[in-house]
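> These protein sequence lines are chains D and H, in that order.
If you count the first sequence from 1, position 84 lands on 84 in the numbering used here, and the numbers rise without skipping.
If you count the second sequence from 1, position 926 lands on 926 in the numbering used here, and the numbers rise without skipping.
No lab work stands behind these hints: they were computed from the structure.
Just so you know, these numbers come straight off a predicted model, no measurement behind them.
Check before you lean on any hint, since a few could be wrong.
Said to hold, decoys possible - Derived pair list, reagent style DSBU-like, types lysine-lysine, alpha-carbon separation capped at 35 Å:
id	chain 1	residue 1	chain 2	residue 2
1	H	K281	H	K443
2	H	K189	H	K737
3	H	K101	D	K16
4	H	K56	D	K212
Okay, here's what each chain looks like letter by letter:
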Amino acid sequence: MNQRKLLMMDLERAMKKPVSERSWVMMIDVRKCVGCTACVVACAAENVCSPGTSYRWVFDQEFGDYPNVDRFFMPTNCQQCDNPPCKKAADKYAKNAITKRKDGIIVFDYVKFANNKKAGKAAKAACPYNAISYDGGDFYTDGTPKREPYETRRFYAYGELLTRKNTTGSIRACTFCVDRLDNGMLPACVTTCIGDAMYFGDANDKHSLVYKLLKESRWNPYGKLGTKPRVHYIGYARRSNIAFATNKTCEICHSKGGE
Amino acid sequence: MKKLIDCDILNKEITRRAFFKSSALLGGSVLLTSQIDLAFGNIKNAEASVYYSLSKPENIIYSVCLQCHTDCPIKVKLENGVAVKIDGNPYSAQNMVPNLKQNTSPSVAVKIDAKLCPKGQAGIQSLYDPYRIIKVLKRNGPRGSGKWKTISFDKAIGEIVEGGYLFKDIGESRYVDGLKKIYKMRNPKLSKSMASDAKKITEKKLSINQFKSKYRNNLDLLIDPDHPDLGVKNNRFVFMAGRIEHGRKEFAKRWTTGSFGSVNFFEHTAICEQSHHIAYKQATRQYSNGKWGKPQTEQMKPDALNSKFVVYFGTGFAEANFGPTNMAAKITNRLAKGEMSIAVVDPRFSKSASKASKWLPVEPGTDAACTLAMIRWIIVNKKYDKEYLKAGNKAAAQKIGETTWSDATHLVRIEDDGPGKFLRASDIGLGETELVVVNDDDKPEKVSDDAVFGRLDYAGSVNGIKVKTAFRLLKEQALSKNMTEWSKACGVPVKDIEWVAKEFSSHGKRVAAELYRGPVKHTNGYYNAQAIIALNILMGNIDHKGGLTTGGGHWHEDGSKPGQPFPMKLLNPYKLHSFGTKLTREGSRYEESTLFEGYPAKRTWFPFSGNIYQEILPSASSEYPYSVKALWIHKGSPGLSIPAANEMLKILSSTEDIPLLIADDIVIGDTSMYADYIFPDCAIWERWGIPHTSPDVTQKSAKIRQPTVTPLTEVVEINGEKQHCSMEAVMFAIGEKLNLGGIGKNGFGNGIDFTRPEDFYLKMAANLAYGDKANDSVPDASEEELKLFIKSRRYMGPAVFDIDRWKKTVVDSKLWKKVIYILNRGGRWENFSKSFLGNSGFVVHKYAKGVNFYAESVALEKQSFTGKRFRGITNFEPIKNAAGAVVHDSDFPLKLITYKDIRGGQSRTLPQDYWLSLTLPENYILINRKTAKDAGLRDGDMAQIISSTNTDGAWHLPNRIDKEITGRIRAVGGMKPGVVAVSWSFGHWGYGSSDVDIDGEIIKGDKRRATGLCPNAAMRVDSALKNAPMSDPIGGSVSFYDTRIKLLKA
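The shape of chain H in the complex, shown without the other chains (with noise of 0.2 Å):
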């Protein structure tokens, strides 16, 4: 009964309570407060009467979801305007199959709730997170202390961007540069004139001389006048972004680079799957007049409504990927019918692999060893689609009537040093820049517009240049080892790589090899992947119903296409030009730098990949290629998801690393606490974005993020804007400061203003509405739907909605109305037809374009430690650091692999969403029981992991206590044995678990989400390196999988 009198005077405490804690400034905001009264049921209003208001349409807001990078549709549904349940969006495709159809009113779809995984269920828990920030904070103490001051957003910007002694009242007498220092290209002219100049010098075109005496007058505004290519020095500003995405990451780039002019902006993909994407871009280069040009896409995934067989590498289809949503059902129902089967490869037995009908636990790196086991198998018994293979151009491939067609025949030369670029017919006097193949008559025959079919297994020489076709040199990898000696560097028996290859070549075109995480967070994964993108064009299944598909792509939000009512880009008349190396020295090469100075470089180079997250921070320290002098971390958390993430907690910490470092977040993060300021940014689920759709989904989508309650965050003026503060807030804030261009009044052009987040996103959401071409356009909203529109938004307050406003954005009232009708669906989604299913036949949406097995580019560059090229033909290489020296530790029995939980993701989810951690309050170091056993652990006994660069196994926090490694043993049979697995999501030292101190009230962390542990500290530091991880060069991928580990009982 006690209970029950403390819930009777939960109105009285709480409204009290929110009074008192908001201008603490944590646990939400005081505007909303008769919001909140209203949904606790206790005031009644004229809605109290209806029954289940959740069945109304005018309670529902369709999104998009972020708990993961799936990007789910959400139906999110209010109560008073407070979001109280989150279900799928029938409309979608991808949680729906077949989906609603379009013309479907929103007050039927509003009683069909969609499938919607728990991470995306619990997401009301994130948005009503109670450690969630609402004012800006500035620090009031060492960096980590986690002493913190409230401070005005304006006086925040204001400090930011004119510097000074900002911290004196602390006790730092530093002085910091602000971002009015930092922003010296100013002149978008000038900018663009010395861009070109400068690249005309890594081009050897240009002398740096000449280049100093044409801008004699303008050398102060580069980083160092000796090397131009630099940049400019606007290049110390950089923009580090954990998790953005299509929306948010066009506004975030436009302004990091268009109005304040670094070339730093990042996203966070090294750490997620980029060498898969590497990979995927090489395999999808295509050659015309000479030159590799753009890759085609950057993924493909199973056809999984169709395939008859798929096999798995390092992921599934019921966690993590991308993703279960829209993944799971279409493979456990056709699982049921017996219709399909699958095979998972990983060491660990996951929720995927207990439906598979054979699991191959493979030793962590060695995927490529697997793999390409399986193609000797399939290349000796010819179980390849030879006639598909032997098509060496588009009309060959027509010609036998398949869509893609691959570069198996064509012919590479062979140097001394092994395989360099493709034989062009100038090479033999046979043409000009074709490739050749060497036709089925023997003879040399240019790969030119007429359908060109040539001889797959061939080597030999061809006016006396030696050369072998890329099949043959696949070939030669594949059986470069035995069936034994493959097995034996996998670790996987022989006969489960024969049954899996069999089967893969037993189904036609129906089958696909799928991979994520797994093989490519190696130093060697970009490798492993193309083997496993080879094993498929092998099978010849690109474009094939159940094969390999790109997916239904989308509709395009840019404004690219003609006829769209806002190109996106060309709304942009002032921007500048940034130019310069990046300070990762991504998509740069070290041999066209003026930085150049023999082998090996100071640290990698990478010519082929972007987004390397994981060497922002030790590029920033080490001052190479140059140094930093403010970094915004966006909604990311590197100090704890980078492997050896000491070293990087360690440099976010130094002042002199990084003078000024400012963070936006909706808690104070892991890595956010060490920020001099943090600035609340919005949740999902109060803000824009236009995420695109995985793959899997093969019907055409377009997905919309809105803000479906009043943010919490504090209300702020901007251009005379009142906005809630978020990313976009402080970015118009520091443009109207800095009078930056492409942003704030006249931000799109003249007479054009861009001063609130709708002036960008529904102008995107204008261009979705419109559609890709002339006469695609959704059809307008009809009154009822106008009206219900407004209805549902009418909790919604002024400063993020407000319809007048919003309309004048989109400018023309007619598509006002199509705008409104996809965002009262979240989106617009193709409908769904019998076309998508079949036995046979090509998918709706198709690549029909050129594939390949050997990336020439790749075979040209050179390892810039090294000096070596690295290879063009996927092989199986051992793990090895940045001098390309092969890592053993020995001393160190155990390796060291992470995967997701379906329930935790990186940032949110577990376990500060109380929901998913009821069932998973913390995580384990999942190990083989005999492997436990012999170390002398038992299950459930607490261990420490030490590793040979973190042989006191903990994590260094600095300004805190330090925090061991420890976790709890989960000793099990479905793990390999010698690996030990932890899930990602737990671990934390901030975001609410521990205590923090602002304006002197101390508030109390939760101790639930303090649980468990993240394993990164544990992982490898980079022997070459010395304060970074270890890396893949060619794909980027930072190695998250190559550590080896000792487990000592805690």
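Bound-form chain D, shown alone (with noise of 0.2 Å):
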């Protein structure tokens, strides 16, 4: 059967059960990202993120040199941490402006945010992975004949329609598209992944392909930092097909201390 209709039918499981008994994880198989970027667009329109605010990022490395040269793509996003230091940072400044739901979402409150900028601040500078961006009130078509409707278009965030007004000032990150999933949808960037790179599940439930997933070799950037993602890292470990890159390589960038 094939994975997407796989993860479909776990999250249709894991939807029946009460939000407390749900465990959301993201697993990305890095060997699948062929580096399109349609993860970033998918998001960005889902979200109606500003020019500046990006839930979601790929990177493209080059290792090596001719003609024995390697090539990355490393997809990342917002890790969804069950021990989040940014969560910690804003606390300082903002209690509670950043708060984790049972299923394991982080969860913004835009309002404090936007009346907080410290707090903002500190949060972003906090997360080791960049994965927290401001959103700054810009709109991607000013400067042109029309501020056009995709972009002041209502959108949903943790359960409420919003327009950027009510993001505007705060800072925003992945929220594994929570409303989707609140609708029986698996989130933007997973659907949309032309390399099949994306799983997206309830850990707690040992039937889905995540659980599954995870017993297998992962790893998580950054991991010795204990900040407990709930993003994972497959891929690399067996090399075979892939022509130069070694096992190292990854620790070029995650030097930090991957897993």
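Now that you have both chains on their own, put them together as the hints suggest.
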């Protein structure tokens, strides 16, 4: 059965349970990432991000020299840490501006952050993954003949109907597309991924695909920092098909201690 | 906090602005304002309380993307009639494997988003591009000056049709002939008879004088009565399409050829990948009853769900090609599981190469050398499928359990000037027109309907005639150099070539060699493609699981299958028979033309190819074979996208070369800015189309592009029908004015009107819903689905959606329900089953025909400058100009190639779609680190490209300031030393990147759209043609990758 259908079935099962019994995790198989950035665009469109805001990046890194070169694509987003450095930092300025849902999703309080810039700044600086961005209120189509409707439209975040008015001045980061999840849909980056590199599901469900994958080899960038991320990476453990790279290659960027 | 206040006044501001700017015509339509306000979220309506409205089926319309030609089926998500999010269509086998079963309810499908690439995702930003035009523009200054005035649609049509002193008010005294004057031949019966007699002249069955005497009263209709084979004056009207696909292609071709009577309908394929198609076409022509029949296919792809090893030549699975959304996961999933591996032959270390077991950084233009080296290794080591190749016909193939067969054993006559015709049985008194093999008893045997097996590697003489088998000819080419020599020729180490050859011949039939633009955009492109096809034939991999496949195919929209409700071609009783030599001399033989005056010809003739886009403008300028009066540029940008682009721009700006130039476009583009009139076209998401599917998709497919939102373009009235301005509307309007046949009232025949786009496209949709045969139709839409169909279009304006009008064009109410069933799904797809997977056996949809190493018709044709014969078998040939002279340019040390990042297409996409340029704001001059250092350049430096035919390294933009071909150096390890790569999509001067003046108001350009560079102006002018780029004389491809350049630090 195909990966997407399995993930859909896993999601359906999870949504039948109360929130407190779900434990969302995302897994990214970097071997299957082709560096296309469909996820970046899908995310920006889904979440109506401003030009300065992005929940998702894909790094494109070349290693080596001609002719022994290799190239990696590294998708990354908020790791939804269970021990989130951003929360600790923000709490100093605005208590509970960042909260954790029982299913593991990090929630930003846009009102609190808009009213307390220091809290946002602190949270942003504390994230080792650079996953938090600031919504400065810019629009892509400003300076053109017209501000277009895809930027001013209403959208959803943490169960609320918003427009950019509500996020301007606040920090923003990946929500695991919680509003899609609540409506029985996988996150936008997962569904659009043309390489099938993305997995998402309930780690509490022993029958789920992510549960099985978690049992196999995986790694977390900066895992040794103790952030307990909910985004896990698969790949490059067995590299029989890939020409030049070695396991060590990942450590060039992740010298702080990848697992 | 200031920002928050800005947002608070947003609604008022936008509403006001929309009113102002719409009268200045850019930036969206007044009609839409109320809908946009709803989408802003401030105005509450009933739906505002519905949580996550994008998971409701009534907010979804399925359609088909066209950010690139892969044409992925899409799911457009609507908020109050405004498109807000686009995802992949889960019903489609192209976006998801296995796809949803056809009978899945749309209310279930709504929750499942399928894959889509970044370009498709960003479609929202091409649709709602603030630089979209919505009203007709007329030039208010010299061509290209950027000065415009708005003009009513009716007035514009009137001027174009009637002609006159159209630009007197801006100081141009010339009289412009209107279409009325060009539309000379108006009599279908006469056109048919003249067309047939003109053909007889080229066949030497009728003399020019006989023709002139027969048509003495009608000679004024001809371009030149002394050359009737050039056709009628209607041919002086040229329709030049950039991207046009099935659906619209048939619409526009029907109008140009059948209604207007001009032969000059062109697509852009020669700047795309034409030689790839032509090589496959030649390889798949079938011989029967003494004649070579039509090609059976124009491309094949690896059956990637099952391949063990795939080698990509100048392409990949993760960028461009046809295309990544359907290809990528098939490969990545199996690579990760260790079930397959790939190799990539490309001077650039592409995203696909990063997943490859072997990267072969080949010298540009030497793909045949690299491939012949592999073929040499396979032949020398006897790794080809001998049993397969020995089978000489269908019966033999069946006997050994194959579905296809080859010409490997067929005997070719060896003439003094090289291999010529295949030996015929009649040549040796063995029979009639049958081909001949030498069988294992060393006896000649005719290729009859009985199973024929022949000797493979044979050279000798039969009845005194020198012959060799096609296999032998291939072998001789492969063995003409040793491995070291081949390696030197293509720049790839022997060990790497051998590794790939060995891997390719180590997995039985589950291997494939795939190509796209890389090997074919050279003057030797056809031969390169032919070599790669030969590599496949050697393994006998066609139709085998994991081998090459022609794909799942499609249901037929044209009504050509028995029982289909609307046979589109027949529904054209009043059509003109357009005839004559095409402006590009494509599909015509120089030797048959009355223009023949020995060698060299004045310009290249292209007997094997079509859509020679790069020759349209230069031929018009050189008036060979004739001059042009009016040119319509549709959805294309020849001034930007054709190599040697400065030549194109020069011609486009010349009112002598092109007296009347009209364009339809969604913006003021880099080329449409040189038009006299621009008509706003509907964007992809606002209009119809019936595109076909990549052969990579092995399930049968039919896709329907349909309007998903109310088009932004102005509403016009033609034949009493209100509709949005578009390519189709312009054709209807000209048709109405000139009373053209085959369009308008009774356009499909008496009592059947053809006055709206859907009159055409919904009939095609009805054919698809009916299917290819009896009992092949889709189910009727249920009552619930009928309601959903209407509800999901509740915000659509009446000029685009009128259910009664739509229903009327399909006629039959039962059929209408079936049409709704497929429109509710965006098309129809075969369900997936296990039969599409497997370690052995055959693909579900088979080719089941013969394939050729040797192209007899090519071997017999002469290059129109040298008069020397082409070759029937592949060979490695240097880069040559039109006169057949080898091009050196050795003063210019670097070779220039281009590529496409997955975020960029030819138009739209990068950099205009801001979500895409967010991660790639400009393109680069990609160069090997050491090569850069040797040239005194460092990563990040700005550098200018110069070439032997563009020594000042600039775009010469007529009536504008020159633009240097300058970009940022990116020095990398992943480039072949000595080769420079520049990606497509950047370097605009139009398309919203610069200021324009409309009705005296300055619309400011956006600097983000002007970034990067386009290298096409540096690409080489053909020294023998002077005003055009170099071309492949067989495949017709323009040369993109043969220019040598120098980089100057800027």
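> If a hint holds in the structure, say so; if it does not, say that too.
To see whether the hints hold, each was checked on the structure:
1. Taking the CA atoms of K281 (chain H) and K443 (chain H), the gap is about 32 Å. The hint holds against a cut of 35 Å.
2. At most 35 Å may separate the alpha-carbon atoms for a hinted pair to count; K189 (chain H) and K737 (chain H) meet this at roughly 22 Å.
3. With a CA separation close to 24 Å, the supplied pair K101 (chain H) and K16 (chain D) stays within the 35 Å bound.
4. Restraint check for K56 (chain H) and K212 (chain D): the C-alpha separation of about 32 Å stays at or below 35 Å, so the hint holds.
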